[in-house]
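These protein sequence lines map, in sequence, to chains A and B. Under numbering that gives the first Met the number 0, the first sequence has 147 at position 148, and the numbering climbs by one with no breaks. Under numbering that gives the first Met the number 0, the second sequence has 281 at position 282, and the numbering climbs by one with no breaks.
Hints in this document: simulated from the structure, not taken from any laboratory. Treat the hints with care, since some could be wrong.
[Unchecked claim] List of simulated lysine-lysine pairs, PhoX-like, C-alpha gap at most 25 Å:
{"no.": "1", "chain 1": "A", "residue 1": "Lys-43", "chain 2": "B", "residue 2": "Lys-256"}
{"no.": "2", "chain 1": "B", "residue 1": "Lys-182", "chain 2": "B", "residue 2": "Lys-104"}
{"no.": "3", "chain 1": "B", "residue 1": "Lys-256", "chain 2": "B", "residue 2": "Lys-308"}
{"no.": "4", "chain 1": "A", "residue 1": "Lys-207", "chain 2": "A", "residue 2": "Lys-26"}
{"no.": "5", "chain 1": "A", "residue 1": "Lys-207", "chain 2": "A", "residue 2": "Lys-43"}
{"no.": "6", "chain 1": "B", "residue 1": "Lys-182", "chain 2": "B", "residue 2": "Lys-126"}
{"no.": "7", "chain 1": "B", "residue 1": "Lys-184", "chain 2": "B", "residue 2": "Lys-136"}
{"no.": "8", "chain 1": "A", "residue 1": "Lys-53", "chain 2": "A", "residue 2": "Lys-43"}
{"no.": "9", "chain 1": "A", "residue 1": "Lys-205", "chain 2": "A", "residue 2": "Lys-22"}
{"no.": "10", "chain 1": "A", "residue 1": "Lys-53", "chain 2": "A", "residue 2": "Lys-90"}
{"no.": "11", "chain 1": "A", "residue 1": "Lys-26", "chain 2": "A", "residue 2": "Lys-12"}
{"no.": "12", "chain 1": "A", "residue 1": "Lys-43", "chain 2": "B", "residue 2": "Lys-150"}
{"no.": "13", "chain 1": "B", "residue 1": "Lys-229", "chain 2": "A", "residue 2": "Lys-195"}
{"no.": "14", "chain 1": "A", "residue 1": "Lys-53", "chain 2": "A", "residue 2": "Lys-207"}
{"no.": "15", "chain 1": "A", "residue 1": "Lys-72", "chain 2": "A", "residue 2": "Lys-12"}
{"no.": "16", "chain 1": "B", "residue 1": "Lys-37", "chain 2": "A", "residue 2": "Lys-97"}
{"no.": "17", "chain 1": "B", "residue 1": "Lys-37", "chain 2": "A", "residue 2": "Lys-120"}
{"no.": "18", "chain 1": "A", "residue 1": "Lys-43", "chain 2": "B", "residue 2": "Lys-92"}
{"no.": "19", "chain 1": "B", "residue 1": "Lys-129", "chain 2": "B", "residue 2": "Lys-142"}
{"no.": "20", "chain 1": "A", "residue 1": "Lys-195", "chain 2": "B", "residue 2": "Lys-256"}
{"no.": "21", "chain 1": "B", "residue 1": "Lys-92", "chain 2": "B", "residue 2": "Lys-103"}
As the structure is a prediction and not an experimental result, all values here were calculated from the model.
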Amino acid sequence: MEKWLGAFMLELKNISFRYNRSKWLFKHVNLAIGQGEIVGMYGKSGSGKTTLAKIMANYLSPAEGEILIDGEKMNNEKYYPVQLIWQHPEKAINPNWKLSTIIDEAEGLNEEIFSLLGIQKEWLNRRPHELSGGELQRFCIARAFGPNTRYIVADEITSMFDALTQAQIWHAFIKLVKERNIGVLAISHHIPLLEKISDRLIDFNKLKSCPNITN
Amino acid sequence: MNIVYKFRDETNEEIEKIKSNFLLEVNHLSLTIERVGKGSDVEHLHVIRDFHLNIHQGEVVAIVGASGSGKSLLADAILGIHPKNSLIEGNIKYENQPLTEKRKKRLRGNDILLIPQMTNALDPLMKAGKQVESFIKQKNKQKIVKDIFQKVGLDPAVYHQIPSTLSGGMIRRIFIAMALASKAKLIIADEPTNGLDAEALDELLFQLKMLANDNRGIVMITHDLEAAMKIADKIAVFYAGETVEIADRKNVRKAGKFRHPYSRALWNALPQNGFVPIECSQPSPAEEIIGCSFASYCPEATKRCGTEKPELREVGNGEMVRCFYA
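So here's chain A without its partners, still in its complex pose:
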């Protein structure tokens, strides 16, 4: 992408990253995700997929390059419009909080999201250890759908679940995303899954090694 053409998309331009002074994890990564589009990304473990996800959601800043959200550069706003859903839900929530508090982190959540994701009302009064991982992950997904969310990065969000839970979660997730016209980067190493859920597929290793590709 040489120039922003006016379409709504999340753009990564020439992103490079390395931890401290170690060798470059990736250099000049270019990627664009359109609104309402689900992009599937696969790659070997340890290749830096999660690091890229963290950069996209503003947990880390890139060493080089910039990220444009719908053509704008975002700077330390209150609510970052790109939300990350982590692989392990139990590590992404405060174990001492009630689930109703956890869900309040996304202010102004629509009530109907609960029924869509299969969250039962009585779960809200419980604490994290009283729910299973699959149930907690539904909360983490719901929390990512705040009213100002425009893009979501889903990093291996179902890899710890059995096939049935996985199918349940993804069906609800896709419905929500399409309804709200949210762009998604889905990261997984399970290619058959990505083929089912995404509009297009990207090999992260190719993305790393072809600096001039603009998708």
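Model the placement of chain B on the given structure of chain A, informed by the hints.
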């Protein structure tokens, strides 16, 4: 001619004997956790309700179940390292002898080995090679370890490294190397495939198979039905603390489907098999279940399923199913 017939009879007998000689046999196993609730209430959590499993030497049996269904406690129950506030009932037999707590203590770590789920289970300060060495009784330990490292695809330099410098995939290989180095006949692998990419996964499954070909019994506890279908000889499907089905992998491949409705739902939910979700969750362990545990979600459930508990019954060839209509 007579002699030939006699010989055949004998071999058949021998085969029968080996067939009925299970390495591990688990019948009607249940594990209940007692928890003190509000006031003086005592809550009983039925984590495992009715579990069955049998395994021969040289066989891989996969226990497939949802996450949070108590699969890991199953391994703990067999090894006798379950929580202190839990009660185990049922029969566990190891090499046709009842597996008592005393015997568990003697056998675990020697005859029965656990490949843990966590990759932080190694000693953080001890060299990887030395940790594998501790399983070897013969002389010339270092050479044996290096041979084993080659077998599992580890660089000889790993011998001198400490665990924090190794990746998750490499640590799993160290676990396999330990199993190879040990004399254990039964190996219980708890979620060995978690967090591996496709290539590393296939490699690990191959190595588990290698352990089985070494005439050991492998119990693989996993949520990944796909991985189980790649190497297991038998698949035990675990739902709501019960074994709902024990299926022969080859028969499943041939028929293209499982017998029990829950296993079928699990199969149909795989991305490559339709990706069909059905509205279903595990019943809570605090609940008392009357009738079939899957009845409220089963598309083929009848009145009988809601009132009468189906028993696990033989359907031939070592296969079993817990359903009235399968």
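Evaluated hints:
1. Lys-43(A) with Lys-256(B): The given pair, whose Cα atoms are some 31 Å apart, is violated under the 25 Å limit.
2. Lys-182(B) with Lys-104(B): Within the cut-off at roughly 16 Å; holds.
3. Lys-256(B) with Lys-308(B): Cα-Cα ~23 Å, so holds.
4. Lys-207(A) with Lys-26(A): holds (7 Å)
5. Lys-207(A) with Lys-43(A): Answer holds: Lys-207(A) to Lys-43(A) is near 12 Å, not above 25 Å.
6. Lys-182(B) with Lys-126(B): holds (21 Å)
7. Lys-184(B) with Lys-136(B): holds (16 Å)
8. Lys-53(A) with Lys-43(A): holds (17 Å)
9. Lys-205(A) with Lys-22(A): holds (18 Å)
10. Lys-53(A) with Lys-90(A): holds (15 Å)
11. Lys-26(A) with Lys-12(A): holds (11 Å)
12. Lys-43(A) with Lys-150(B): holds (22 Å)
13. Lys-229(B) with Lys-195(A): Holds, at about 21 Å.
14. Lys-53(A) with Lys-207(A): Holds. Lys-53(A) to Lys-207(A) sits at ~16 Å (cutoff 25 Å).
15. Lys-72(A) with Lys-12(A): Given pair Lys-72(A), Lys-12(A) holds - Cα atoms ~11 Å apart, limit 25 Å.
16. Lys-37(B) with Lys-97(A): This hinted pair holds, its Cα atoms lying about 18 Å apart.
17. Lys-37(B) with Lys-120(A): holds (22 Å)
18. Lys-43(A) with Lys-92(B): The hint is violated at about 42 Å.
19. Lys-129(B) with Lys-142(B): holds (12 Å)
20. Lys-195(A) with Lys-256(B): holds (21 Å)
21. Lys-92(B) with Lys-103(B): holds (11 Å)
Checked against the numbered hints above, the structure violates hints 1, 18; every other hint is satisfied.
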